[in-house]
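*Asks:* Construct the entire structure; sequences and hints are all you get.
For the protein sequence lines, the chains are A and B, in the order given.
Take my numbering: the final residue in the first sequence is number 302, and no numbers are missing along the way.
Take my numbering: the final residue in the second sequence is number 424, and no numbers are missing along the way.
Hint data in this document are derived by calculation from the structure and do not stem from the laboratory.
We put the beta carbon where it would ideally sit given N, CA and C, even for glycine.
One or more hints might be untrue.
[As the list claims (entries may be wrong)] DEER-style ranges, computed between Cβ atoms: (1) A:L268 <-> B:E201: 17 to 25 Å; (2) A:R191 <-> B:W234: 42 to 50 Å; (3) A:L60 <-> B:A195: 34 to 42 Å.
[As the list claims (entries may be wrong)] From the derived model, a few chain A residues whose C-beta atoms are all more than 12 Å from chain B: (4) T83; (5) Y215; (6) L231.
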Amino acid sequence: MSQLLTELGIAVVAGILQGSVYALVALGIVLVHRASGVFNFAQAEFGTVGLFGAYTAVVLWGWSYPAGILFGLGAALALGLLTERLVIHPLRNASRVTVLVGTAGVALAAVGIQFWRFNETPIMTMPKIHEGFFRIPLIGASVTVQQLITLGVLAVASVALALFFRSPSGLAIQAAQQEPTASELVGISVRRVSMLTWAIAALLGGLAGILSGPYTTFTAGFLTFGAGRALLPGFMAAVLAGMRSMPGAVLGGFAVGIVEQLGTLTILLSVPGARAMMLFAFLLGVLLLRPQGIFVGRAATA
Amino acid sequence: MTTTGQTRSTPVYPGRHADGGPVPGAGATDETTVIPVVQDLDDPGVPDDEWDEEFRPSRGGWVGRGLVWAFLAWLVLALPVNRFSPFEVGVADIDVLSLAAIYAIGGLSLNVLLGYAGQISLGHQAFVGIGAFTSAYIVTNLQLSFWLAVAVAAGFGAIQATLLGAISLRLSGLYFALVTLAYGTFAEETLFGIAALTGGEGGKPAPRPLGFESGYAYYYLCLGFLALVLWLDWRLTRSKGGRALAALRENPRVASSYGINVKAYILLAFALSGIFAGIAGSLMAHHDEVIVGSSFDFRLALLFILMTVVGGLRDRVGVVIGSAFFALLEEKLLIEMIERLCHFLLEPFGLAGWSIGEVLQGTVGLPLEFVGLIVGPLLLLLTITKYPGGIGQQVAPIRLWLTGHRFDRHAGAVTEVEVNDVRA
Chain A
1 MSQLLTELGI AVVAGILQGS VYALVALGIV LVHRASGVFN FAQAEFGTVG LFGAYTAVVL
61 WGWSYPAGIL FGLGAALALG LLTERLVIHP LRNASRVTVL VGTAGVALAA VGIQFWRFNE
121 TPIMTMPKIH EGFFRIPLIG ASVTVQQLIT LGVLAVASVA LALFFRSPSG LAIQAAQQEP
181 TASELVGISV RRVSMLTWAI AALLGGLAGI LSGPYTTFTA GFLTFGAGRA LLPGFMAAVL
241 AGMRSMPGAV LGGFAVGIVE QLGTLTILLS VPGARAMMLF AFLLGVLLLR PQGIFVGRAA
301 TA
Chain B
1 MTTTGQTRST PVYPGRHADG GPVPGAGATD ETTVIPVVQD LDDPGVPDDE WDEEFRPSRG
61 GWVGRGLVWA FLAWLVLALP VNRFSPFEVG VADIDVLSLA AIYAIGGLSL NVLLGYAGQI
121 SLGHQAFVGI GAFTSAYIVT NLQLSFWLAV AVAAGFGAIQ ATLLGAISLR LSGLYFALVT
181 LAYGTFAEET LFGIAALTGG EGGKPAPRPL GFESGYAYYY LCLGFLALVL WLDWRLTRSK
241 GGRALAALRE NPRVASSYGI NVKAYILLAF ALSGIFAGIA GSLMAHHDEV IVGSSFDFRL
301 ALLFILMTVV GGLRDRVGVV IGSAFFALLE EKLLIEMIER LCHFLLEPFG LAGWSIGEVL
361 QGTVGLPLEF VGLIVGPLLL LLTITKYPGG IGQQVAPIRL WLTGHRFDRH AGAVTEVEVN
421 DVRA
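*Replies:* Quick look at the structure:
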């Protein structure tokens, strides 16, 4: 019994730490969905592109780490803006499923280019910002400094987003989301707001990728379907947030992270792929019982 | 019917009789055709069947069409002395052709969802994979017949798709994408990891049915199933269900106000899509003869989306061509076939040494194994932003000509404006 409790404690800690990556991805998904009603399947790929950018700069070109991070974020930002320009804007009158296919196409193109350009070393390793790790006393969970940095960045990003949405630009985004026509009438450029939204989403995705990449070795498509899979958990966190609440996305990220880690308990050891099973069961449960989301006040509109 | 359509010069526009009078009920008084909101699923570019009744190809026209048909049959059936399809190389290539036929069934399966019902599935690899393992289990472990296995695999596919659809329909259809994505991962890691059912790492043997062991026989079997699926698909679009799906894809609210049971028809589409996916999975299992779980990964689901969208949604000829295109591209046979064709055409001019593969590899720096990975997504993005009709739109003039219509360069153009949900 006590062993189960210990394992639960470890799972919760590990879940929150892993969940902060999901929360970063989910924030981007919620932001884009609120702005344009799009399910952005390229969100995780923004992260992988950022990670590949940082890897190229730091490992291949020997840049300093901060410069590498900036370069990675720049790569993610470029992909985000390109997506908005080349896919989202031309498809503004298309159905949502078409736009979804478009974002999936962006992700697929990015994955293809990663496979192609980095095919000499298919499995790559990104150095950590700080190599240290320690054990939390009492619970016994092992925590790396890198994971704590991710958690810290998530906290900073959430606060920054909250402050940003009180600034004039942030208010413009909110206005354009709620009432595009009226915002155009009062002089808000919906086009610019859309670019801004995608830029922020791409930066959030890039942060998730650059910070979680060093956790393990990575391959092309790392955050979409690779070892650091964050697309599906990120979406589930966004569903928990009703696809609209930003604080909900953060809480949802933690919740999804914890649920996923429950799959690593010893009692589930004999079940293959227990983590994927927990996620699927959890998603079904949420959609069946509270499809409008948990961490949200108002029901999500379709 | 005395008109010799081939020689007549005045074009017949949709919405007008040859004498220039408006067609009663066609809803158009001049050349600007008003496309009806709900189009005939079969011929997206031909709003009315009656306008073509005047046109009958001349004898020469029939001969020409017949020759093209014969050429197509020669190509598709991979008959002897066929330089473009792979008779000269043999077994390995005919297996790729079987795979193309199987992918076409998979593409048609996704087309039912994505094209007719307007729902996207990102977990199609799970439907196909479960069909494959079901079929392999029935044939290998239970020692039952292949035909029963195909039927059971199809049934399993229908059940899965319907259940998942019923859950996600509680919300907007986009959630189906999410549920299928989660289901695909779950199937990949959990279901296909159960060694007792899937044979674990070593894979599961799935012998080919009696009489179809050879590559050629199996290819014709796959073609037969493809024909069956095409027929079912055609029957669906011509039935009440198909028209209901077309209506509710355009606008669910209006459709439901006309008494269409929206959920029931979407579930019907899910079920049919699952049946097709199950058949594809079963055929794929016996095609490979030994299957492993890792071959049904997320990339397969994405490949189906590429095939369907690039092929042209709602256009079954386009989807089949698109699927074959991507199957050949994946298996690296397409470039080889183009090279063979180039070689055949350029040989008389002494340019036989030219090779597209070398150009790609040397000049562009794109090794052949990555061509599919790069070309596919780019084609997808190009299709949805610029040519929403896909390959189907490009081949529509030829297709209509082949079926005895006049050659019209603009046939098949996708003029339909997709209805967006209006934001308040």
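*Asks:* Does each hint fit the structure? Answer for all of them.
*Replies:* Results of checking the hints against the structure:
no.: 1; hint: A:L268 <-> B:E201: 17 to 25 Å; verdict: holds, 21 Å
no.: 2; hint: A:R191 <-> B:W234: 42 to 50 Å; verdict: holds, 43 Å
no.: 3; hint: A:L60 <-> B:A195: 34 to 42 Å; verdict: holds, 41 Å
no.: 4; hint: T83; verdict: violated, 10 Å
no.: 5; hint: Y215; verdict: holds, 19 Å
no.: 6; hint: L231; verdict: violated, 8 Å
Hints 4 and 6, counting from the list given before, are not met by this structure.
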